[in-house]
Amino acid sequence: MPPNDIKRRKLLSSAAIGTLLLGGCDRLAENDTVQRVLASAEGLTRRVHRLLGGAHTLAPEYTEADLSPVFKANGTLDPDDDGYQAMAAKHFVDWRLEVTGLVERKLRMSLEDLRAMPPRTQITRHDCVEGWSCIGKWKGAVLSDVLRQAGPLAGARFVVFHCADLMDNADPDSRYYESIGIEEAFHPQTILAYDMNDAPLPVAHGAPLRVRVERQLGYKMAKYVMRIELVDSFAHIANGNGGYWEDQGYAWYAGI
Amino acid sequence: MEGNPDVGNDTVTTRADRPAGLAGGRPLRHLIQRHSVVVRVTHWINLLCLTILLMSGLQIFNAHPALYWGNISDFAHPALSMDAVQPQNGPPRGITTVFGHRFDTTGVLGLSRDAAGQPWERGFPAWATLPGEQSLAGGRLWHFFFAWLFVLNGSVYLLAGFLRGHFVRDLLPGREQLRHIGRTTLDHLLFRFPKGEAARRYNVLQKLAYLVVIFGFLPFMLLTGLTMSPRMDAAWPQLLILFGGRQSARTIHFILAWSLVAFVLVHVFMVLVSGVWNNLRSMVTGRYAIEESRDAAE
Numbered sequence: 062m063p064p065n066d067i068k069r070r071k072l073l074s075s076a077a078i079g080t081l082l083l084g085g086c087d088r089l090a091e092n093d094t095v096q097r098v099l100a101s102a103e104g105l106t107r108r109v110h111r112l113l114g115g116a117h118t119l120a121p122e123y124t125e126a127d128l129s130p131v132f133k134a135n136g137t138l139d140p141d142d143d144g145y146q147a148m149a150a151k152h153f154v155d156w157r158l159e160v161t162g163l164v165e166r167k168l169r170m171s172l173e174d175l176r177a178m179p180p181r182t183q184i185t186r187h188d189c190v191e192g193w194s195c196i197g198k199w200k201g202a203v204l205s206d207v208l209r210q211a212g213p214l215a216g217a218r219f220v221v222f223h224c225a226d227l228m229d230n231a232d233p234d235s236r237y238y239e240s241i242g243i244e245e246a247f248h249p250q251t252i253l254a255y256d257m258n259d260a261p262l263p264v265a266h267g268a269p270l271r272v273r274v275e276r277q278l279g280y281k282m283a284k285y286v287m288r289i290e291l292v293d294s295f296a297h298i299a300n301g302n303g304g305y306w307e308d309q310g311y312a313w314y315a316g317i
Numbered sequence: 055m056e057g058n059p060d061v062g063n064d065t066v067t068t069r070a071d072r073p074a075g076l077a078g079g080r081p082l083r084h085l086i087q088r089h090s091v092v093v094r095v096t097h098w099i100n101l102l103c104l105t106i107l108l109m110s111g112l113q114i115f116n117a118h119p120a121l122y123w124g125n126i127s128d129f130a131h132p133a134l135s136m137d138a139v140q141p142q143n144g145p146p147r148g149i150t151t152v153f154g155h156r157f158d159t160t161g162v163l164g165l166s167r168d169a170a171g172q173p174w175e176r177g178f179p180a181w182a183t184l185p186g187e188q189s190l191a192g193g194r195l196w197h198f199f200f201a202w203l204f205v206l207n208g209s210v211y212l213l214a215g216f217l218r219g220h221f222v223r224d225l226l227p228g229r230e231q232l233r234h235i236g237r238t239t240l241d242h243l244l245f246r247f248p249k250g251e252a253a254r255r256y257n258v259l260q261k262l263a264y265l266v267v268i269f270g271f272l273p274f275m276l277l278t279g280l281t282m283s284p285r286m287d288a289a290w291p292q293l294l295i296l297f298g299g300r301q302s303a304r305t306i307h308f309i310l311a312w313s314l315v316a317f318v319l320v321h322v323f324m325v326l327v328s329g330v331w332n333n334l335r336s337m338v339t340g341r342y343a344i345e346e347s348r349d350a351a352e
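Heads up: the protein sequence lines correspond to chains A and B, in order.
The opening residue of the first sequence carries number 62 in the numbering used here; numbering runs sequentially from there.
The opening residue of the second sequence carries number 55 in the numbering used here; numbering runs sequentially from there.
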């Protein structure tokens, strides 16, 4: 390396330290290497969380008295999609949930099919990544029951939820999606909720079906679910980070 | 003077500070070893961690600049909130509401200016947050990385402190010290700082302040932070009982953060008024100069 480069590099690194010390860390924060180093804490958090209490801990459940008077709806409130709007107009009788990917049997299920399965009802706290919390009552089919019907193949490591809503109407590739690990998918509180607070799930909260992943933050709990796909890797989906918000820089593991 | 048995065997040198003569009037100074290398290294790493945790924490707070008590957010009645409002005439204002009392905090809280000087609806201003721009994802990346560094650094400090008896020897106030707490407080308020033998150890106010921070503020900062994690609430539901719910934990986390800022302000002020170079040197090289009172020297 020519000495000039070393000098420049030294200058750059001292400039970086100066920037940090001055509190204006933006240039540093945008640096890819810095981002990678910072993001390395996510895996540690996930592993330690799993270690503490084990894989099967249950999220706290609350009582009717604890229900939020107003449950805030966030993200997409009414998907701007013709196909979705047509289904919503007919109370989702034409809606079908597809289960595809690494499964022995592909499934196509109506809301009636899901309602015919043994339901699970739970009153849980919904924590948004923004910081607020609401408590709601959810009723739905247990995801593990649905997955067992489909028969996951040995290579299935993640469950991906493909949704009806576009996050940016100008961008057809901005459809919301999320993914969770197979262990979280088989957790007893992970359900496909069709009822909220004893009524059919409102459109603002993801009608006809939203997933509940009670030990993680709200953005994992995809609304307007259309298709469930079992995969061995999500690297090929959208920008490859496992979810719409993950593709915008949020952590895939949202247990904190 | 170098052979003075009272000085003890931790005296590093007196030569550099030897008085011109006993009657010369300059007090004697001894350099003693005050802070162990573990204390010094962990002190500065902790400063770095807390600075980044504070700034990235304010960034995270800005995603929903309101606080509540209990498990859930009662959006209509926050304990504290920062908003931008548009009056009927005139420019937008930043309003901070605390328990229903409204304060105009335009320019700092609720509404501040961005780099281009444009008014910006924001809880805390850009200069106080990390990153400066609005980025919840970025703030979380910084916050959780440095939270781990804070925990590892704090663990090293605590382990060394217990194993080497640092806490019991240097931080636990003696009965004698506690009895004279009134006198010490008065001395402190009058900026009369101990000299000679008394300067070798922390005074009772220092000891209590450090104990509260080390075994109160900082561990509770960590625990209230963990209480906000849905996965931790599943593993340790006792956390929710301890802090009265997730939103209470978030509020306590916020209050503790500013309590730490208040501690640091007082701490830095005391460092400045009680001999800034001596204090700084002791936290960098470990060596601290003690002035003997004239009487003792003569």
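Wrong hints could be hidden among the right ones.
[Stated by the list, open to error] In silico EDC-like pairs for lysine to aspartate or glutamate, Cα to Cα no more than 20 Å straight-line: (1) 133(A) to 168(B); (2) 133(A) to 293(A); (3) 151(A) to 293(A); (4) 167(A) to 293(A); (5) 200(A) to 234(A); (6) 133(A) to 224(B).
[To be verified] Here are the in silico distance ranges between beta carbons for each label pair: (7) 102(B) to 232(A): 32 to 42 Å; (8) 293(A) to 206(B): 27 to 37 Å; (9) 218(B) to 114(A): 51 to 61 Å.
[Stated by the list, open to error] Here's a subset of chain B near chain A, in silico, CB distances under 8 Å, partners left out: (10) 123; (11) 144; (12) 146; (13) 149; (14) 151; (15) 152; (16) 154; (17) 273; (18) 276; (19) 287; (20) 304.
Hints listed in this document are in silico derivations from the structure and should not be mistaken for laboratory results.
Every residue gets a Cβ at the ideal spot worked out from N, C-alpha and C, and that includes glycine.
Right, here's what the structure says about each hint:
For the proposed pair residue 133(A) and residue 168(B), the alpha carbon gap of about 29 Å is over 20 Å, so the pair is violated. Among the hinted pairs, residue 133(A) with residue 293(A) is inconsistent with the structure: their alpha-carbon atoms are about 34 Å apart, more than 20 Å. For the hint linking residue 151(A) to residue 293(A), the alpha-carbon distance of about 36 Å lies beyond 20 Å, and the restraint is violated. Distance restraint check for residue 167(A) and residue 293(A): the Cα-Cα separation of roughly 16 Å lies within the 20 Å cut-off, and the hinted pair is therefore satisfied.
Note on residue 200(A) and residue 234(A): the hinted pairing is violated, with a Cα-Cα distance of about 31 Å set against a maximum of 20 Å. A distance of roughly 51 Å separates the Cα atoms of residue 133(A) and residue 224(B); the hinted pair therefore is violated under the 20 Å criterion. For residue 102(B) and residue 232(A), the hinted distance range of 32 to 42 Å is satisfied, since their beta carbons lie about 40 Å from each other. With their beta carbons about 34 Å apart, residue 293(A) and residue 206(B) fall inside the hinted range of 27 to 37 Å.
Distance hint check: the CB atoms of residue 218(B) and residue 114(A) are about 33 Å apart, inconsistent with the given range 51 to 61 Å. Hint on residue 123(B) is violated. Least Cβ distance to chain A is approximately 12 Å, over the 8 Å limit. Taken as an interface hint, residue 144(B) does not check out: its beta carbon lies about 30 Å from the nearest beta carbon of chain A, beyond 8 Å. Among the interface hints, the one on residue 146(B) is violated; its C-beta lies about 22 Å from the nearest C-beta in chain A, farther than the 8 Å criterion.
About 19 Å separates the beta-carbon of residue 149(B) from the nearest beta-carbon of chain A, more than 8 Å, and the hint is not met. Look at residue 151(B): its Cβ only gets to about 16 Å from chain A, farther than 8 Å, so that hint breaks. Interface hint at residue 152(B): violated, since its Cβ lies 18 Å from the closest Cβ of chain A, which is beyond the 8 Å cut-off. For residue 154(B), the shortest C-beta to C-beta distance to chain A is roughly 19 Å, which exceeds 8 Å, and the interface hint is violated.
The beta carbon of residue 273(B) comes no nearer than 16 Å to any beta carbon in chain A, farther than 8 Å, and the hint placing it at the interface is violated. For residue 276(B), the interface hint is violated, since its Cβ never comes within 8 Å of a Cβ in chain A; the closest pair sits about 12 Å apart. At a threshold of 8 Å, the smallest CB-CB gap from residue 287(B) to chain A is about 6 Å, leaving the interface hint in force. Interface hint status for residue 304(B): upheld, as the beta-carbon distance to the closest one in chain A is roughly 6 Å, under 8 Å.
Hint compliance for this structure: hints 1, 2, 3, 5, 6, 9, 10, 11, 12, 13, 14, 15, 16, 17, 18 are not met, and every other hint is.
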